[in-house]
Amino acid sequence: MQEIRFVCGSGGLGGGKVVAKALDEAMALKPHFIACDAGTTDSGPFSLGSGRSNYPREAVKRDLEIILSAARRAGIPVLIGSSGTAGIDAQVDWVVDIANEIATEHQFKVKTAAIHSEQSPEYLKGLYRESRIKPLDPAPPLDEALLDRTSHVVGMMGVEPLQRALAQGAELVIAGRCSDSALFAAMPIMKGFPEGLAWHAGKVMECGTQVCESAGRGVIYAKLTQEDLVIRPYGEGLKCTPQSVAAHSFYENGDPYLHVESSGTLDLTNSTYEAVDEYSVRIRHSGFKHSENYTVKLEGAEKVGYQSVVIGGIRDPFFIRNYDTWIEDVRKKTTTSVSEILKLAEKDYRLDFHAYGLNAVMGKLETETKPPHEIGIVLNVTASTQDLATKIAEISRQPLLHTPIPEWSGSITSIAFLHNPVPLDRGAVYRFCLNHVAIPRTQEEMFRTRVLEIG
Amino acid sequence: MTQLAELATLIRSKNAGPFVLTFDILFKDEKKYRRVKDSGVLTRELFAKLYKCPVDIVKFFVCDNALGFKYSIPRPTFQGEVGDPDLHGGQQNAPLMAVEIP
Numbered sequence: 001m002q003e004i005r006f007v008c009g010s011g012g013l014g015g016g017k018v019v020a021k022a023l024d025e026a027m028a029l030k031p032h033f034i035a036c037d038a039g040t041t042d043s044g045p046f047s048l049g050s051g052r053s054n055y056p057r058e059a060v061k062r063d064l065e066i067i068l069s070a071a072r073r074a075g076i077p078v079l080i081g082s083s084g085t086a087g088i089d090a091q092v093d094w095v096v097d098i099a100n101e102i103a104t105e106h107q108f109k110v111k112t113a114a115i116h117s118e119q120s121p122e123y124l125k126g127l128y129r130e131s132r133i134k135p136l137d138p139a140p141p142l143d144e145a146l147l148d149r150t151s152h153v154v155g156m157m158g159v160e161p162l163q164r165a166l167a168q169g170a171e172l173v174i175a176g177r178c179s180d181s182a183l184f185a186a187m188p189i190m191k192g193f194p195e196g197l198a199w200h201a202g203k204v205m206e207c208g209t210q211v212c213e214s215a216g217r218g219v220i221y222a223k224l225t226q227e228d229l230v231i232r233p234y235g236e237g238l239k240c241t242p243q244s245v246a247a248h249s250f251y252e253n254g255d256p257y258l259h260v261e262s263s264g265t266l267d268l269t270n271s272t273y274e275a276v277d278e279y280s281v282r283i284r285h286s287g288f289k290h291s292e293n294y295t296v297k298l299e300g301a302e303k304v305g306y307q308s309v310v311i312g313g314i315r316d317p318f319f320i321r322n323y324d325t326w327i328e329d330v331r332k333k334t335t336t337s338v339s340e341i342l343k344l345a346e347k348d349y350r351l352d353f354h355a356y357g358l359n360a361v362m363g364k365l366e367t368e369t370k371p372p373h374e375i376g377i378v379l380n381v382t383a384s385t386q387d388l389a390t391k392i393a394e395i396s397r398q399p400l401l402h403t404p405i406p407e408w409s410g411s412i413t414s415i416a417f418l419h420n421p422v423p424l425d426r427g428a429v430y431r432f433c434l435n436h437v438a439i440p441r442t443q444e445e446m447f448r449t450r451v452l453e454i455g
Numbered sequence: 001m002t003q004l005a006e007l008a009t010l011i012r013s014k015n016a017g018p019f020v021l022t023f024d025i026l027f028k029d030e031k032k033y034r035r036v037k038d039s040g041v042l043t044r045e046l047f048a049k050l051y052k053c054p055v056d057i058v059k060f061f062v063c064d065n066a067l068g069f070k071y072s073i074p075r076p077t078f079q080g081e082v083g084d085p086d087l088h089g090g091q092q093n094a095p096l097m098a099v100e101i102p
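Chains as they are written, first to last, in the working numbering: chain A, 1 to 455; chain B, 1 to 102.
These aren't lab readings, by the way, just hints derived from the structure by calculation.
Take these hints with a grain of salt, some might be off.
Among the chain A residues that face chain B by a calculated CB cut under 8 Å, a handful are [to be verified]:
1. Pro45
2. Val304
3. Val361
4. Val429
Partial chain B-side listing against chain A, Cβ under 10 Å, derived [to be verified]:
5. Phe27
6. Gly40
7. Cys53
8. Ile73
9. Gly89
Every residue gets a Cβ at the ideal spot worked out from N, C-alpha and C, and that includes glycine.
Sequences are here, hints too, so could you generate the full structure?
The following block contains the structure:
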């Protein structure tokens with residue numbers, strides 16, 4: 001095999017960016033596989049904690065239908081990673097179900113490998129007792145009680161589980177939590193292509209058209225040889241430039257050069273980027289260094305409570321200039337009432353006031369001192385149950401509405417509420433509780449593959 | 001003196017995972033990139049002052065092949081923690097925009 005060709009169908013399955021026409025253009029170049037990341041932690045811990053996907057079922061089906069149909073016509077495999085946003089087992093099964101519906105409707109049979117990557121508290125406690133869980137920097141504190149409290153923990157797979165699925169002849173791989181880049185690196189590495197360039201291909205392709213000068217709707221195509229990697233987009237108005245591709249290694253990475261994966265580290269220190277034509281960029285000299293230990297990054301979420309939200313605004317300049325003392329009065333009145341009515345101490349719940357227009361976005365880091373003409377207030381109430389959070393939010397309504405300032409005498413209404421009823425219930429909220437890696441006893445034990453025929 | 005925002009094509013902040021906040025300052029024009037690089041204004045100390053954090057937690061990268069500078073720090077509040085005001089970390093870049101470059 002002199003070269004291997006592949007396509008990124010979408011930077012996020014369900015995001016609606018895949019366009020059939022652009023994919024057809026890339027398919028004309030006879031790629032060997034299509035890969036597509038379907039998840040992220042960037043949207044926050046909710047999906048991992050609750051199991052809910054970022055995208056509606058219809059949106060995932062729409063994208064997968066375009067990709068799977070094109071791949072079946074060409075007879076090439078499709079790899080989907082971080083299925084259903086967080087890649088927990090139920091989300092993998094959800095995407096398998098969607099794929100099955102597509103296959104049934106189109107009347108094709110697809111040999112499918114579903115790879116589960118969720119980790120049980122019992123298994124993780126076993127690793128922990130053997131000092132096989134190591135913190136990354138920075139990491140929240142870890143103990144066995146935390147592992148018991150987690151809603152879900154997933155291990156991020158590298159290329160190996162994907163390669164095992166491909167070796168079994170899978171035409172569709174629906175993987176749990178997965179390194180985005182591994183989806184693209186798995187098959188090229190299996191076929192003997194250079195690991196540095198294979199991983200680098202994944203790094204620049206996994207976000208789809210974000211690697212272009214201006215992102216848009218379309219697909220990314222790559223051709224990898226023993227010497228170089230050439231990538232180009234297909235889609236209206238899309239082009240890659242050496243600078244856009246080089247700069248993409250900056251995106252969402254703490255280090256622009258070194259990227260740690262399960263089996264080692266991708267090193268872009270010596271990578272070069274050159275224009276091939278108006279749309280395409282050639283990459284060379286990317287390195288990959290194998291690590292001593294095979295590590296699996298862990299992601300975990302735990303429930304921290306329930307929230308109720310109050311939204312309102314203030315416009316009266318006297319209130320605005322008194323904001324800090326006024327809101328402190330509101331807080332005190334609220335906590336006093338909560339203590340009297342619900343018998344809760346301040347440590348039992350949280351009131352977070354966010355003052356939009358003043359410093360809500362940057363908090364203590366805000367550098368702007370000019371007074372605003374309007375302040376939007378969002379009060380987040382967090383408590384151990386939804387019932388309590390709602391009740392505390394209801395109690396905060398009167399202090400927000402009628403806390404006076406020295407400038408005015410007589411009864412005054414101090415806030416413009418947006419909603420009736422005032423509180424909005426948000427349900428359960430979660431936090432990321434792990435930034436650790438596991439060192440499994442064997443490379444296989446954290447990932448479970450089930451091969452089935454769908455359609 | 002020129003503000004950094006007038007020289008760069010993109011100054012952005014973003015999560016790099018839930019625990020790290022990263023800042024990119026990117027250029028299309030190599031001359032402007034060189035001007036900023038050669039000015040020596042962008043340092044870890046400058047960032048620590050702007051973002052009120054200890055110097056030793058600031059990582060700083062100068063990347064000639066991408067015409068860019070990168071700063072990374074541990075996230076002041078982990079992403080999505082109760083009280084975190086910026087879920088994607090995407091609106092923390094403003095203080096860098098006003099940095100004066102000779």
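Quiz item: Measuring from the C-beta of glycine 40 of chain B to each C-beta in chain A, is the shortest one below 10 Å?
Solution: violated (20 Å)
Exercise. Closer than 10 Å between Cβ atoms is the bar; does glycine 89 of chain B clear it against chain A? Give me holds or violated.
Key: Constraint on glycine 89 of chain B satisfied, holds at 9 Å.
Quiz item: Taking 8 Å as the limit, does the beta-carbon of valine 304 of chain A come near enough to a beta-carbon in chain B?
Solution: holds (6 Å)
Practice problem: Please verify that hint: valine 429 of chain A, Cβ, nearest Cβ of chain B, below 8 Å or not. | Solution: With Cβ-Cβ at 7 Å, under 8 Å, it holds.
Exercise. Would you settle whether the hint for valine 361 of chain A is holds or violated, based on the nearest Cβ-Cβ distance to chain B being less than 8 Å?
Key: holds (5 Å)
Quiz item: Going by Cβ atoms only, is isoleucine 73 of chain B closer than 10 Å to chain A?
Solution: With a minimum Cβ separation of about 9 Å from chain A (threshold 10 Å), the hint on isoleucine 73 of chain B holds.
Quiz item: Would the stated hint for phenylalanine 27 of chain B survive a check requiring a Cβ distance to chain A of less than 10 Å?
Solution: With Cβ-Cβ at 8 Å, under 10 Å, it holds.
Exercise. With a cut-off of 10 Å on the beta carbons, see whether cysteine 53 of chain B makes it to chain A.
Key: holds (9 Å)
Self-check item: Evaluation of the interface hint that places proline 45 of chain A against chain B, nearest CB under 8 Å
Solution: At 5 Å from the nearest chain B Cβ, proline 45 of chain A passes the 8 Å test, so the hint holds.
The structure shown violates just one earlier hint, number 6.
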